[in-house]
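**Q** Kindly produce the complete structure, drawing on both the sequences and the hints.
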Amino acid sequence: LSNSLAPGRLLCWLLVSSCLWSGSEDAPADAALSETPDPAVLELGWFAEVGAYPTTFATLTEGSKAGWVALHANDYDTAIDAFASDPVGRGRASLALAVLYDDLSRYSGLANELFFSTWAARGTLPAGNEAPMVAALAAHCGEGETVGAWASKVTAGPDSPMAMTISQGRPPFDVESAGPFGRRMSLHHDARAAGDRAPLLAAAAEPVTTVTIAPTPAPGEDGKTDKAKAKAKAKAAEGEGEVQEELPPTDFVRKFWDPCIWRSLADISYDAAIRDASGGTSTPPSRSLEGERWRRLELLVAPDAPLSARLFAPWPTSADLAADLPKAESAGLLGARSPSLRRIGVGTGAFPADDPEAAKEEVRMLDAGLATIEKKVSDLGNADGLAVMNDLRLVHRFRQEWLAVRAREALTRRHPKRALAYLELARDHATASVGPENSPAIYALLAEARLALGRTREALDALHVLAAAHPEVLGLVEVTGDLAVLQGLDRQGDSKEE
Amino acid sequence: VARSQPVNVALLALLGLTAAGGTLRYAEDRAPAIVNPLFATSMSEARLDELVFEGLFADDTELKSTGRLVESFQLSDDQKSMTLRLRRGVTWHDGDPFDAEDVVFSVEAYRSAVTASSEAGRVSWIDTVTAQDPHTVRITFKKAEYAPQDKLHFKILPKHKFTSTGVKRTDPFRTAPLGTGPFSVKSFNDDSSITMVKHTGHWDPASLDEMVMRQVSDKNYQAKLLVYESLEALVSVLPRDLATLQNDRKIELYPYQTNSWWYFGFNLKSKTLSDARLRQAITMMVDVDALLAPIGTGDRVSGPFVPSSPFYNHDVPAVTFDPAAAADLLTKAGYTFNGKWLKPDGKELKIRVVAQSNLETAQDVVINIQSQLQSRGLTVEPVFLDGATWKEKVLGARDFDLMLSQWSFDRNEDIWEQFHTTGTRNFVSYSDKEVDQLLTAARDATDPQQKKATMRTVHQKIAEDHPMIFLWTLDSYAAMSVRVKSVVVHPFYFFTWAPDWTL
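So the protein sequences, as listed, match chains B and H. The opening position of the first sequence corresponds to residue 1 in my numbering, with each subsequent residue numbered one higher. The opening position of the second sequence corresponds to residue 1001 in my numbering, with each subsequent residue numbered one higher.
The set of hints was computed from the structure by calculation and includes no laboratory data. For glycine and all other residues, C-beta sits at the position ideal for the given N, C-alpha and C. Some hints could be false.
Pair ranges (Cβ atoms, derived) [claimed, not checked]: (1) Ala127(B) to Asn1247(H): 50 to 60 Å; (2) Ala350(B) to Thr1066(H): 25 to 35 Å; (3) Met164(B) to Thr1320(H): 47 to 57 Å; (4) Glu1381(H) to Pro199(B): 51 to 61 Å; (5) Ala127(B) to Ala1293(H): 48 to 58 Å; (6) Ala198(B) to Ala1293(H): 31 to 41 Å; (7) Pro199(B) to Lys1064(H): 38 to 48 Å; (8) Thr1066(H) to Asp379(B): 48 to 58 Å; (9) Pro339(B) to Asn1247(H): 24 to 34 Å; (10) Asn1220(H) to Leu201(B): 38 to 48 Å; (11) Leu201(B) to His1314(H): 10 to 20 Å; (12) Asp1127(H) to Asp251(B): 25 to 35 Å; (13) Arg293(B) to Asp1204(H): 47 to 57 Å.
Computed list of chain B residues with no C-beta within reach of chain H, every gap over 10 Å [as the list claims (entries may be wrong)]: (14) Asp38; (15) Ala66; (16) Ala120; (17) Glu145; (18) Gly157; (19) Pro161; (20) Ala178; (21) Leu187; (22) Ala302; (23) Thr348; (24) Thr412; (25) Glu472.
**A** If you want it as structure tokens, here you go:
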């Protein structure tokens, strides 16, 4: 991790294949260039493959330069566009984006459930259908268990048919209703049918609906009767008590955000990934959660799959992916149980407990294993390959990708402490942004782990970083902020000089 | 809190599976000026207090209130009073038993006008507190409270060590602090370090035998001490050092959330600086990015919150560095320029900038701003004060023009004390009736979305008044030796769960 990424070198490697030889005095012999890859080296993982055979890497990136630059920078949107003529690259970028949106969908379910249930427990949930409607949709799209409970609180109104539909376990996207939620889900429907993320990304910046609230408190809301207030005011006038300050005469706008944006974005992205990575044989777009369609990644697991099928991936080799694909519980867990990693002692265990020290020990084993692989590649003596590996921080990249998968797996087992340990050891703390050093998934998963641990305000820190690269998370930022404020309503803040 | 069970720890130690005991040495930029929770104003003091003292309640690791000195409680039906059953068997570090009279004494001491505690606001919601028997306390509130336990985190003091509830800063307690916490102060050492030892009589004793706080003002030196294993922990790492420390496999980084932001505060009691146009002009003369560069990366702030805060108003931009516009503003305000800026009365405009002497980074920033402002025609006199003088001259007497400091907030980010006219930490003497009203409305709010909207308006109004040059926020990181296990860091008080840490 000691080498910081040099953008100039990155562009050099990816955009000008001739640079492959510009960094060393002695170009490798032609014999080496044409050498048949040693299967023993390929089994070490794609980062070792690049280190040992940089020409393969150069040839690959020469074909779709901008796409690989973007994928390396974890900029999946740009990569999808740039891989116009490379279905494998495009499928990889779509898959990464789908997994990210899946993470955010899960987060949305968790955050909204915590927010609305905590608010309801205080007995101050706003009247109206908006709050239970958002909570019910969030539970449905985030695969929560409280859909029915929230939907039953939606009373008669334009969106009540939608509440009825999702309470029966059916998706809300095909329901025709005239309310604001119906209009938003209609937009989802059209975007999903067209396989087009753009309308949803635009809609993510706006709440589904708003309600303007006058600030005047109800009599007695602050615990004092009007009579008591008048008495206090009189006392204050006589200099005996605290001055009763009046509320400023301003309205505020309550906003309700779309909790299903990420479900639809994930589904659309899964469909695109499957379409590309299955060789174009996928069925038309439909809800990917239904069935096992996400496993149709034939081009990525073929025995002769090209480097593009695994470069920058959480699975070291295509054989690892092939072994994991039938067994993984979701696309976001692909790579977690890679056989080649199990040989170095990681990714083996079930999760007996939410033990962060066990996670740290596993990371230490991973680092030891990766150091051994780096040594083997180094011993091969390809200076250019090693330069690519170091300049692009490929070992760090693989390590982070895999630890993110492992963290996701821990979260699905409800082991947030363990997930947090993986994530904090995975991320590059010196660079607090999404980019080549840190994937967006790192921040999405950090937010989820922290939220699950009651660290709502700290989840906001992770979302704040994520929002700079993915502004569509605005609604999640707002609902998480609301939850943080709600959880602190009874507290007295503390502050100190540092 | 799911703390280690003593029996299990003992069994594991017997089996050689865990090493009980040991000394954890940690570095602070500056040592606490006082060890008395009534007068804690700095983070180093709050962190040390967390080891030595306890509140009735504290946060568990999921940041929910859990009983510390309280075993159970009952809230009345009208939510206007509560009865607390105190934990039995709790002793002060000198062996005396803790009881209900200590709780009553502490509340009275916090709110005593003689004490003038900067923490008085933490008990302002309490109406009465009475000891019903040695292990039972009844508290009544000024208004109904939904979860009063969330407000009962302030530290409890030993009544038997004081002669009156009116406690002075100079009370001998400051050099012989006594709490019920997991560690007791053993010695204040000549090198400004403080040694604490495990309170063996604690109801849930710590795993570590000893904690040592070392004052190391040089951040580079702090990092070196950690790398060379002369320290086990740094409580605050600068961004510029993160890359180095994360590459060391013997060190682990722990991010935590202190909601800290740096600022230069104007003294609004000064007649000259009471003019908002002058404050805005000075702000526009400062290239904040250039001030930040030597420290590392950070986020600019445009007001009194950090950008990830729910209260941060992203529609309020940070003031842009624009010396030409600043000059125009000064001219319109009646100032003239003849190589140096002259006030409307013809006298030279001079600014005295005050910072703490033992903070290396603060000194760099002050020298930098001096250079910047002088190059634009302002005479700047930098003054560096030690911790005690800082408290006396700056926080007490308000003897400064511009002060460099850094506020840290817990997750509630309540800026009432900093910006309300009557706030106990309003060291810049800011006063605005509308902001006062908004802050009070926010504090009393029961609707989280309304509170958020109100605080965003507060951000906007304060930014428009320029009471401070709002600078930046830095990510908060601790760094620890990997030998320290089971570490969970409290996002504000840091050491809340240190009793669970092992070496």
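**Q** At 10 Å, judged by beta carbons, does Ala66(B) keep clear of chain H as stated?
**A** Fine: 27 Å to the nearest Cβ keeps Ala66(B) off the interface.
**Q** How does the Cβ-Cβ distance of Ala350(B) and Thr1066(H) compare with 25 to 35 Å: does it lie in that range?
**A** holds, 30 Å
**Q** Per the stated criterion, does the least C-beta distance between Pro161(B) and chain H lie above 10 Å, as a non-interface residue requires?
**A** Pro161(B) is indeed farther than 10 Å from all Cβ atoms of chain H, at 27 Å.
**Q** Can you tell me whether the CB distance of Ala127(B) to Asn1247(H) sits inside 50 to 60 Å?
**A** Given range 50 to 60 Å: holds, Cβ gap about 55 Å.
**Q** If you check the beta carbons of Ala198(B) and Ala1293(H), does the distance land in 31 to 41 Å?
**A** Between Ala198(B) and Ala1293(H), where Cβ atoms are some 39 Å apart, the hint holds.
**Q** So the hint says 10 to 20 Å: do the beta-carbon atoms of Leu201(B) and His1314(H) match that?
**A** At 19 Å between Cβs, range holds.
**Q** Has the hinted range 51 to 61 Å been met by the Cβ atoms of Glu1381(H) and Pro199(B)?
**A** This hint holds: roughly 59 Å between Cβ atoms.
**Q** For Asp1127(H) and Asp251(B), compare the CB-CB distance with the range 25 to 35 Å and indicate the outcome.
**A** Since the Cβ atoms of Asp1127(H) and Asp251(B) sit about 33 Å apart, the hinted range of 25 to 35 Å holds.
**Q** Taking the CB of Pro339(B) and the CB of Asn1247(H), does the distance hold inside 24 to 34 Å?
**A** holds, 30 Å
**Q** Does the beta carbon distance between Asn1220(H) and Leu201(B) stay inside 38 to 48 Å, or does it fall outside?
**A** Holds, at about 45 Å.
**Q** Does the claim that Thr412(B) lies off the interface hold, with its Cβ farther than 10 Å from every Cβ of chain H?
**A** Answer for Thr412(B): holds, closest chain H Cβ roughly 20 Å.
**Q** That 38 to 48 Å hint for Pro199(B) and Lys1064(H) (C-beta), does it hold up?
**A** Holds, since Pro199(B) and Lys1064(H) (Cβ atoms, about 41 Å apart) stay within the stated range.
Of the hints listed earlier, there is not a single one the structure fails to meet.
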